[in-house]
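From just these sequences and the hints, can you work out the full model?
So the sequences go chain by chain: A and B.
Quick note: the first sequence uses our numbering, first residue 1, plus one each step.
Quick note: the second sequence uses our numbering, first residue 1001, plus one each step.
Just so you know, the hints here were simulated from the structure itself, not pulled from any lab data.
Errors might be hidden in some of the hints.
SDA-like, lysine to any residue: derived pairs with alpha carbons at most 25 Å apart [claimed, not checked]:
#1 B:1014 to B:1071
#2 A:23 to B:1131
#3 A:23 to B:1071
#4 B:1014 to A:88
#5 A:23 to A:129
#6 A:23 to B:1095
#7 A:23 to B:1094
#8 A:23 to A:126
#9 B:1014 to A:225
#10 A:23 to B:1137
#11 A:23 to B:1088
#12 B:1014 to A:85
#13 B:1014 to B:1210
#14 A:23 to B:1138
#15 A:23 to B:1130
#16 A:23 to A:111
#17 A:23 to A:168
#18 A:23 to B:1133
#19 A:23 to B:1132
#20 A:23 to B:1136
#21 A:23 to B:1135
#22 A:23 to B:1093
These numbers were taken from a predicted model, which means no experiment stands behind them.
So you can see what is in the structure, the chains are spelled out below.
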Amino acid sequence: MGDFLRAALAVAAKDIRVEHRSKTALIAAIAFAALVLVIFNFARDAAAVSREMLAPSVLWITFSFSGVIALNRSFALERENAALDGLLLAPVSRSALFLGKYLANLAFVFTVEAVALPLFVLFFDVDLSGALGGIVLTAVLATTGFVAVGTVFAAMTVRTRFAELMLPLLVLPFLLPPVIGAVQVTARLLAGRPVSEIAGWLRILGFYDLVFVTLCLLLFPPLMDE
Amino acid sequence: MTPPTAGPLLQANKLERHFGAARVLRGVSLAVSPGECHLVVGPNGAGKTTLLRLLAGLARPSAGTVTIEGVPAREPQARRRIGLLSHQSQLYHDLTAVENLAFTARLYGVADPVAAARAGLAAMGLAERADEPVRRLSRGMIQRVAIVRALLHRPGLLLLDEPFTGLDQQSSEQTLALLALERAAGQALVLVTHDAHEAWELATHAHLLVRGVWATSGPRGGEGGEGEGEASLDDFLRRYREAQRG
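Structure representation (structure tokens):
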């Protein structure tokens, strides 16, 4: 195992261990996801909007907003006690630090999504039996890209005074392409449409991942310079 | 005083650091050889911490250069030679002391990170608290864990920012003895403090930083007055008091 991968895995394992001990971000993100689902469920005018029409948008609003909450903790824990200095002083590539943070953030956001999906089924009474595989694939494709962007913006905002406020403001516009794509795919999957109708959207999500994960790997090192 | 044994390990040339119109450091140079301890003293706002961050490669100078064994300080090869003890512990308070140190050891490629972490904690008298979360340790204990963290990868250059903060008399003496051993073993030290007394005996050189420039800089003398070109503690403190008065 190369030094690069060893350092990245050490950072990811450390972040997961810290979160496992404190559980602050996970509990906050999962509680937020549950609240969003409850609010949408009861705020919906059943006579005007059917569950089927609303469900895909609600699912992805829940995933993306609760994902941003999970991302917020990523560099907040490095700010406490100036731990970020210790990371930056270590003789490892900045890209390895990014990869470690990114892997840990993916784990957090996937965990939040794994808990939020059954809650979504519960509140919206959606039958996922024929669409579960497709929705999981869509979640993986959409999350891969937006977590990369979120990790870079979390690093950018960590030294600002209002990091918790700045992160959603910066990252949400970049969430639009994957969220639009994921909503389109989910709507078609829930309606039982053929795979040929979603293939194009899945390609767009894959392209977004390729472009933004690469860009983030390249942009992260100079962003860490003081 | 231990004479220098080799060429400079750390070479800082004409460092400048500006924050907008504010010039925090102005043309500061420093050469530190193995076995030397450079004491940097100055009043609040003199630029001491900024200087240390530039020497560690954590910040980019507005002008000037910092090299460690001829390699720019921001390069990974140079960073491997640096240990930094800053104002804050750089520790994760939800992790245990040994988990924190093992994580650092992994980043530096230390063989058997957990064993290295436990050995470091034992050397600082913290073996029994090794598996407790850092948040349960006292301020002094956290500072000692932070010192172990800075020394874990056997750096050639140790940068210390107020290393005695939060330590009781016994812990301060223990830390001072440890630093003296490190220096005797050939490690170069740059120690930033606002209190010249606490590390005067450890120092081979003393520098007074006032408003971003050296007010005095050179080999240090003894308590009362020393040889040619050497600053005594009394003389140094007199200049420091003058600087504080502005």
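* **Which numbered hints fail** => 3, 5 and 8
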